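2 protein chains.
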Amino acid sequence: MIKVTVLGRASAKPTVNSHPSAQVVNVNEQYYLVDAGEGVQQQMFRRGINPLKLRAVFISHLHGDHVFGLFPLLSTLGLCGRQMPLKVFAPRPFGEILEYHLRYFDPQLPYEVEWVEVDTTRHQMIFESKTLEVWSIPLRHRVPCSGYHFKEKYPELNVDKFKITKYNLTIAQIVAAKRGEDITLEDGTVIDNSELTYRPFEPRSYAYLSDTSRSAVAAERVKGVTLLYHEATYTREFQHDAKERGHSTAADAAQMAVVAGAERLLLGHFSSRYKSPEVLLEEAKEIFENSALAEEGETYTV
Amino acid sequence: MIKVTVLGRASAKPTVNSHPSAQVVNVNEQYYLVDAGEGVQQQMFRRGINPLKLRAVFISHLHGDHVFGLFPLLSTLGLCGRQMPLKVFAPRPFGEILEYHLRYFDPQLPYEVEWVEVDTTRHQMIFESKTLEVWSIPLRHRVPCSGYHFKEKYPELNVDKFKITKYNLTIAQIVAAKRGEDITLEDGTVIDNSELTYRPFEPRSYAYLSDTSRSAVAAERVKGVTLLYHEATYTREFQHDAKERGHSTAADAAQMAVVAGAERLLLGHFSSRYKSPEVLLEEAKEIFENSALAEEGETYTV
Numbered sequence: 153m154i155k156v157t158v159l160g161r162a163s164a165k166p167t168v169n170s171h172p173s174a175q176v177v178n179v180n181e182q183y184y185l186v187d188a189g190e191g192v193q194q195q196m197f198r199r200g201i202n203p204l205k206l207r208a209v210f211i212s213h214l215h216g217d218h219v220f221g222l223f224p225l226l227s228t229l230g231l232c233g234r235q236m237p238l239k240v241f242a243p244r245p246f247g248e249i250l251e252y253h254l255r256y257f258d259p260q261l262p263y264e265v266e267w268v269e270v271d272t273t274r275h276q277m278i279f280e281s282k283t284l285e286v287w288s289i290p291l292r293h294r295v296p297c298s299g300y301h302f303k304e305k306y307p308e309l310n311v312d313k314f315k316i317t318k319y320n321l322t323i324a325q326i327v328a329a330k331r332g333e334d335i336t337l338e339d340g341t342v343i344d345n346s347e348l349t350y351r352p353f354e355p356r357s358y359a360y361l362s363d364t365s366r367s368a369v370a371a372e373r374v375k376g377v378t379l380l381y382h383e384a385t386y387t388r389e390f391q392h393d394a395k396e397r398g399h400s401t402a403a404d405a406a407q408m409a410v411v412a413g414a415e416r417l418l419l420g421h422f423s424s425r426y427k428s429p430e431v432l433l434e435e436a437k438e439i440f441e442n443s444a445l446a447e448e449g450e451t452y453t454v
Numbered sequence: 153m154i155k156v157t158v159l160g161r162a163s164a165k166p167t168v169n170s171h172p173s174a175q176v177v178n179v180n181e182q183y184y185l186v187d188a189g190e191g192v193q194q195q196m197f198r199r200g201i202n203p204l205k206l207r208a209v210f211i212s213h214l215h216g217d218h219v220f221g222l223f224p225l226l227s228t229l230g231l232c233g234r235q236m237p238l239k240v241f242a243p244r245p246f247g248e249i250l251e252y253h254l255r256y257f258d259p260q261l262p263y264e265v266e267w268v269e270v271d272t273t274r275h276q277m278i279f280e281s282k283t284l285e286v287w288s289i290p291l292r293h294r295v296p297c298s299g300y301h302f303k304e305k306y307p308e309l310n311v312d313k314f315k316i317t318k319y320n321l322t323i324a325q326i327v328a329a330k331r332g333e334d335i336t337l338e339d340g341t342v343i344d345n346s347e348l349t350y351r352p353f354e355p356r357s358y359a360y361l362s363d364t365s366r367s368a369v370a371a372e373r374v375k376g377v378t379l380l381y382h383e384a385t386y387t388r389e390f391q392h393d394a395k396e397r398g399h400s401t402a403a404d405a406a407q408m409a410v411v412a413g414a415e416r417l418l419l420g421h422f423s424s425r426y427k428s429p430e431v432l433l434e435e436a437k438e439i440f441e442n443s444a445l446a447e448e449g450e451t452y453t454v
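Those protein sequences? They're chains A and B, same order as listed. So the first sequence is residues 153 to 454, counted in my numbering. So the second sequence is residues 153 to 454, counted in my numbering.
Extracted from the complex, chain A is given alone in its bound form (with noise of 0.2 Å):
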């Protein structure tokens, strides 16, 4: 299962109440940290999460509202007695960033920080766990930046149990039906491997697609996606501004939606020029209607 938690939605400018953009993915309890907006850490305190717990950190770029929450959180973690190393996914040149954070605040980090760069410009699996993949999502941004496909692997086949029972099935018969084979019993009769086993449920997938402006490739990657979670820094008047500086509109993220088949789209990174996103929502519901605004704190099940 899949559990996403907004922990900011603003953009470059933060609010009284709006911070911005960073999101905790569990997976399965195995918890990742998507973008680092300044505060991430409170941010994780108030909503229950312990950063200890982080398995890896995937930053979509180094516009400083979406990482400058990662130095503090990383000298927390040193304080709170860390010795796990983890892994941040980001673009270049974060590995210089990371060598001057280090250098003139963190030198005696009891743990390693482990940069892994991201090539913006592919599409590719950059982590697995036995459950889940993280596939990168090239954007188009006006700095290089990648967003993040998280993607449950197919779950192992069940074997119906009434099955069992009819069929008398030996354990490595039960091993075999597992694996996707056909069974043969001894009277030669074969039974199909779909008669005996089912999947306990359909691989789940969240998409993380933020800053960028429209992008039809991008939507094709994510085809299929259960939540796609798009930037909507504007509205549609402000369609200009929007391409200029490599943003999208509510109308071009509910666009994405479509384009990529997703079941539910989740609005975020909002201008602070609305003081109520409303308009951002009533705009991407013309075209997806199952579009929704990100909420601080809020938690989705995927």
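Think of the hints as simulated: they come from the structure by calculation, not from any bench. These figures come from a predicted structure and were not determined experimentally. Any given hint could be a false lead.
Put simply, identical chains are the same to the list, so a pair is met inside one copy or across any two.
Derived pair list, reagent style DSS-like, types lysine-lysine, alpha-carbon separation capped at 25 Å [what the hints assert, rightly or not]: (1) K165 / K239; (2) K155 / K305; (3) K395 / K427; (4) K165 / K427.
Use these hints to put chain B onto chain A, whose structure you have.
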């Protein structure tokens, strides 16, 4: 008049409701930022303080919890179109850190950030305006660290209007009296200046001493301070840790207030181990009755 707004009172590890060190000192509607822990820009928004109004920034030392909020603030000031140069007083090697920040995150800032190096070994006036002096106060911490002493200048003498009538003073005589001169009347009588003039108010002062071990020298240097803000990271039982880490207990802070002859003491920089810092206040009050806990968002008039 000096007004101090506390924006953060946590030590290194922030908590759900408690931010790292930052304050805004307002002297006759000139705004100065003292330390800049993470989240300081948002804390300013929350308190209705426009960051564009900042005239200068004073950083005590280069531990992250006193400076990580400065870089996002510098970026936001750029987005807001600041053009006025901004002076940042900070110890070495702030210049190098600033350089790398500007290189990676703000290569096109529309205003200049002028670093003024603070010599943390010297007690000297580092800033002066028409009504204010700011003095550096060498502190005892693990890294070079300076406190800041905001001192109102002596206000101009006012001439008592009843005396003007009584002695039928000319404009030239009034001006001379304001300068502090004695006045010789037409009949040769000399009127002592003190009979003609009065100070509209006694100059007040505010000292920010954080982070530091107890320092009798520092206390001497802020002798007669009106409001003393002093760090009180620990209670007395952690005296040993306090000393080892270059910090103070609440008792240390109170003793500082006694030696300095302060009117009032404000305690801050609390360790996250104290869920409720009342215990720190009690410890301080045993030694210096006019003590208070710094409250985030509160403004203290000096």
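Do the hints match the structure? See the list:
1. K165 / K239: Close across copies (22 Å), not inside one copy (28 Å); limit 25 Å.
2. K155 / K305: Only inside one copy: K155 and K305 sit 15 Å apart there, 58 Å across copies, limit 25 Å.
3. K395 / K427: within (22 Å within a copy, 48 Å between copies)
4. K165 / K427: For K165 and K427, only the intra-copy Cα distance (13 Å) is at most 25 Å; the inter-copy one is 32 Å.
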